[in-house]
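Protein chains in written order, with this note's numbering: chain A, 132 to 413; chain B, 243 to 626; chain C, 15 to 105.
It should be emphasised that the hints constitute simulated quantities derived from the structure, not laboratory data.
Backbone N, C-alpha and C define an ideal beta-carbon position, used for all residues, glycine too.
There's no promise every hint is true.
[Unchecked claim] Mimicking DSS-like on lysine-lysine, the simulated pairs with C-alpha atoms at most 27 angstroms apart in a straight line are: (1) C:Lys74 - A:Lys353; (2) B:Lys447 - B:Lys548; (3) A:Lys230 - A:Lys178; (4) A:Lys141 - C:Lys74; (5) C:Lys61 - A:Lys284; (6) A:Lys204 - C:Lys74; (7) A:Lys230 - B:Lys614; (8) A:Lys384 - C:Lys65; (9) A:Lys204 - B:Lys614; (10) A:Lys384 - A:Lys282; (11) B:Lys614 - A:Lys178; (12) C:Lys65 - A:Lys141; (13) A:Lys355 - C:Lys53; (14) A:Lys284 - C:Lys57; (15) A:Lys353 - A:Lys333.
[What the hints assert, rightly or not] Coverage of chain C stretches by chain A, computed from C-beta distances (three or more under 8 angstroms per stretch; other residues unrestricted): (16) 18–27; (17) 51–61; (18) 66–74.
[As the list claims (entries may be wrong)] Looking from chain A toward chain B, a few residues come up when the C-beta cut is under 7 angstroms (computed): (19) Asp206; (20) Pro217; (21) Met224; (22) His247; (23) Thr287; (24) Thr288; (25) Asn292; (26) Phe382; (27) Lys384; (28) Arg402.
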Amino acid sequence: MTTNPKKLAKQPEHPLDDLIRTERIPHIWCPGCGIGTVFSSCLSAIKATGIPYNQFTMVSGIGCSARAAGYIKLDSFHTTHGRAIPFASGIKMAKPELKVIVFSGDGDLFAIGGNHFIHAARRNMDLTVICVNNLTYGMTGGQCAATTPNKAKSTTTPLGNPDAPFNLPLLAYAAGASYVARWTILHTRDLTTAINEAIVRKGFSFIEVLSPCPINYGRRNKEKPLDTLKLYQDRTIIKNGADPARADIDFEKGVVIGKFIDIDRSTCDDRYSELHRPCSDD
Amino acid sequence: MKPAVLTGDHYITGDVACAEGAIAAGCLFFGAYPITPATEIAEHMAERLPDIGGTFIQMEDEIAAIASILGAAWTGVKSMTATSGPGFSLMMENLGLAVCTETPCVIVNVQRTGPSTGLPTQTGQGDMMQARWGSHGDYELIALAPSSPQDCFYQTIRAFNLSEKYRVPVLIMADEIVGHMSEKVVIPEADQIHLISRPKPTGRKDRFRLYEPGPNGVAPMPAIGEGYNIHVTGLTHDERGYPAMTVEAQETMMARIKGKIRNNLEDIIEIENYLMDDADIVIVSYGISVRTGLAAVDQARKMGYKAGLLRLVTVWPFPEELIRDIAGRVKGFITVEINLGQIHYEVERCSGGKAPAYLVGHAGGKIIHPDKVIERIQEKFGAL
Amino acid sequence: MAFWRVPLDAQEIQVIKGVVCIIDDRCKGCGYCIEFCPKDILKFSDKFNRKGYHPPVVTKLDECVNCHYCEIICPEFAIYSVEITPAAVQK
C-alpha cells in the first residue's frame, strides 16, 4: 500500500498547461460560468486523440464562448460575430488535412450565424462544432437568444420570452450533420469522449453543451450556479440514439442528453476531390 | 494538370480575364456567391481551379464567401472572391476583419448601379467611397480600377502582389461594362509574370511575434500548421496578436495598419497620364470612364483646349500629393465618373482651392458620353 | 450506502490514492469541485487569493482517490489531482 501523502515533492504543472496560453489565465469567464469546463474538456479531448497539435486549429466567432480561441495554445482564430463556420470552412477546404474545431456560443452559432450552420451541416463540412449553450447572450449582458426558453426572463424580455427556442440537435440533424450529441458540463467525461469522437470521425459533428450563465441568465431566472448543475444532475435523461425531435429543452419534463446521431456520410472536401479532381494525368 | 497560365491571345470578357489573372497570380482558393455582373468570375474559377489543384467553393452568401477566403488565406494560399454592389455591402464587416488581422486577399467588385438592388445588369461606379470607408473604423486598404479586359488581367495580378506584399485586402473596383465586354487579352509566358508572395517568418518559433513588423512595416505571416501557435483576432491586439484593450495598443496597431500603406505610397499608387505634359485642363477618371476621358481629351485637343487625362489605376490610397502638385499649375479639374460625385470630392479636397474641380457624373446605368465632358469644358473654361 | 453489498475481494482491491493540487490564484470560487467531489474532501479555505476569492482546500488529505473529477469540472484550470507514487512523496 502507498503511504499517505502530506505533499508532493514538487507540484507538477496542470495537465493541460501545454495547451493553454497560461500567461492569459485567469480567463475572462465569470465565477460559476461553465465555458471553462467545456473548454477544458475540449483540450482533454484534443490531447486524447494523439494527433500532433499542429494539425489542429480552433476558430470562434464573437461572445463569451468565442474567447476560448484566445486561450488555446494552437493556431486559433477569433473572427467576426456568427462567421466562425464559414471562416473554418475556408480553412478546411483549402487544407483538408487539418482538424478544424469551431468553438462558440449559441447566440453566435444559431442567431447571427444560423444560416452558416445549416449550410455547413448540409455540405457535411468536416468540422467539429462545439456550441456552449448558456441560453443567453452573456457578453452583452443577458439578452434573449434563439435558445432562451419560452417565458424565461432576459434584459430584452423583462416579462418573459414570448418565443420558442431552437431545438439544436434537431436542427443539426435536419440540416444533415453526421454526428450530433448533447451533454452538460456536469457530464464532463461523456462530453470529453464525445468531442474526441467528433474530432476523430470525418464529417460535420455538432456537440451542444448545456452550461450555466449564473451572472446574466441565472440571476434573472432565480437559478444559482449550483442550482443549474443540480438541474443537470436531476432533470436530464441520458438516452443515446434518442430521436432529436424529442430533444427540446424543458427541465420540467426532463432534458434528453446523449449521442443522438452518428452516421457516415461523405464529406464536402472528399466529394469535391472525387467529382472535380478525377485522376489528373492528362 | 492543365497549365495555370494560358499563354496566348484570347478574346474574352473582363470577368474571365480577371479570373485568368488570379490564376496566373497563383490564386488557389475562390469562395463566392452568385451575383450579377460578377457571376462569370465565379463560373470561370469553378471550372479552372480544380484543374490546377485549387479549390472553388460556392458559399451560402457573400458574408460567408469573404469569411471563407480569409480562412483559406491563413492556410498559406492566395485567395479571392468576387461580387457586386449588394454583395459588397455584405462583405464590409469581414473586410474590416481582413484589415485588422492583416490577411492578404483580393476582393473584386464588378460595380453595378445602386442604391439597393438598383440596376443589376447595368454599369455604375457608385461604390468608390464604400470601398474606402465601407467597413467601420479607421483603416487603409488598396483599391485598383481596371478599364479594359486586358487591364483586368494585369490589375488582378498586381492586386495579388500588393496584397501579399503589404498583407492587406486589395479591392478590384471594376464595373459592369469592363466585366462584360469582350476584347483581346494577351496572356504572357508564365515566367514573364512577376509574382510576390507574403513574407514568411524565419526566426525561432518560441520567440515569434505575429505582428512584429519587418523592414517595410509588414509583419511576416506564418500559415496554420507551421507550429507557430498563432492567435488571430479582430479585437485590438498587441504584437503577439493577443487582445489588448488599451488606448496604447490601439494606437500602435493603427499606426502599423496605416503606416504600411502610407509609407509605401510610391510603390502602391499607379497613375497613367495622357497628354498631361502641357495640359491645363485635367480630366480625372478611372475604370470604364477612362474611355470617356480619352475620347474627350482627343476631341478637346482638336478644338484647341490643352486637355490631358489623369487615369487613376490605383484609386485608394488616393494620389493626394499628385493632385496637390497639379492644382498649382492648371486651370481646373474635371472628374468623370458614373456616380453623382465621389472621387470628384477627393479631387476637390486635394486641389485645396488652388484650382476648381468639376464633376461630369451620371446616376448610373450607362457610360458617360464624351460630349458631356466637352460641354462642361466649354461651360467652365470658355468656348474656343 | 448501508444497503450496498461489499465485494468479496474488497480487501484485495488496491484503491488508487491521489493528491490534489490547487493553483490558488487561478480559482474564482465557484465551488463546483467542493460540491461534486465524490469523497467530499474539499472545502472553501478561509484565505483569500490574489483576486479575492476563497480557493478550495483539502480537508482529508489521505482520502483522494485520484478520480480527477475536480480537475475536469473546474472551469479555471485551478485544481487537479495526480496519482501518488512513493517516489513523488516528500516524507
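Results for each hint:
1. C:Lys74 - A:Lys353: Distance of about 34 angstroms is beyond 27 angstroms: violated.
2. B:Lys447 - B:Lys548: Violated, because 60 angstroms separates the two Cα atoms, which is more than 27 angstroms.
3. A:Lys230 - A:Lys178: 13 angstroms, holds
4. A:Lys141 - C:Lys74: 20 angstroms, holds
5. C:Lys61 - A:Lys284: Judged against 27 angstroms, a Cα distance of about 36 angstroms means the pair is violated.
6. A:Lys204 - C:Lys74: 35 angstroms, violated
7. A:Lys230 - B:Lys614: 59 angstroms, violated
8. A:Lys384 - C:Lys65: 40 angstroms, violated
9. A:Lys204 - B:Lys614: It is violated: about 62 angstroms lies between the C-alpha atoms, which goes past 27 angstroms.
10. A:Lys384 - A:Lys282: 16 angstroms, holds
11. B:Lys614 - A:Lys178: 70 angstroms, violated
12. C:Lys65 - A:Lys141: 24 angstroms, holds
13. A:Lys355 - C:Lys53: Holds, at about 23 angstroms.
14. A:Lys284 - C:Lys57: Violated, at roughly 33 angstroms.
15. A:Lys353 - A:Lys333: Since the Cα atoms of Lys353 of chain A and Lys333 of chain A sit roughly 41 angstroms apart, the hinted pair is violated (cutoff 27 angstroms).
16. 18–27: violated (count 0)
17. 51–61: violated (count 0)
18. 66–74: This one is violated; 1 residues, fewer than the three required, reach chain A with a Cβ under 8 angstroms.
19. Asp206: At 4 angstroms from the nearest chain B Cβ, Asp206 of chain A passes the 7 angstroms test, so the hint holds.
20. Pro217: 4 angstroms, holds
21. Met224: 5 angstroms, holds
22. His247: Holds, because the Cβ-Cβ distance from His247 of chain A to chain B comes to roughly 6 angstroms (cut-off 7 angstroms).
23. Thr287: 22 angstroms, violated
24. Thr288: Interface hint status for Thr288 of chain A: violated (27 angstroms vs cutoff 7 angstroms).
25. Asn292: Check failed: Cβ of Asn292 of chain A comes no nearer than 27 angstroms to chain B, outside 7 angstroms.
26. Phe382: It is violated, given that the least Cβ distance between Phe382 of chain A and chain B is near 34 angstroms, above 7 angstroms.
27. Lys384: At 35 angstroms from the nearest chain B Cβ, Lys384 of chain A fails the 7 angstroms test, so the hint is violated.
28. Arg402: Violated, about 12 angstroms.
Checked against the numbered hints above, the structure breaks hints 1, 2, 5, 6, 7, 8, 9, 11, 14, 15, 16, 17, 18, 23, 24, 25, 26, 27 and 28 and satisfies the rest.
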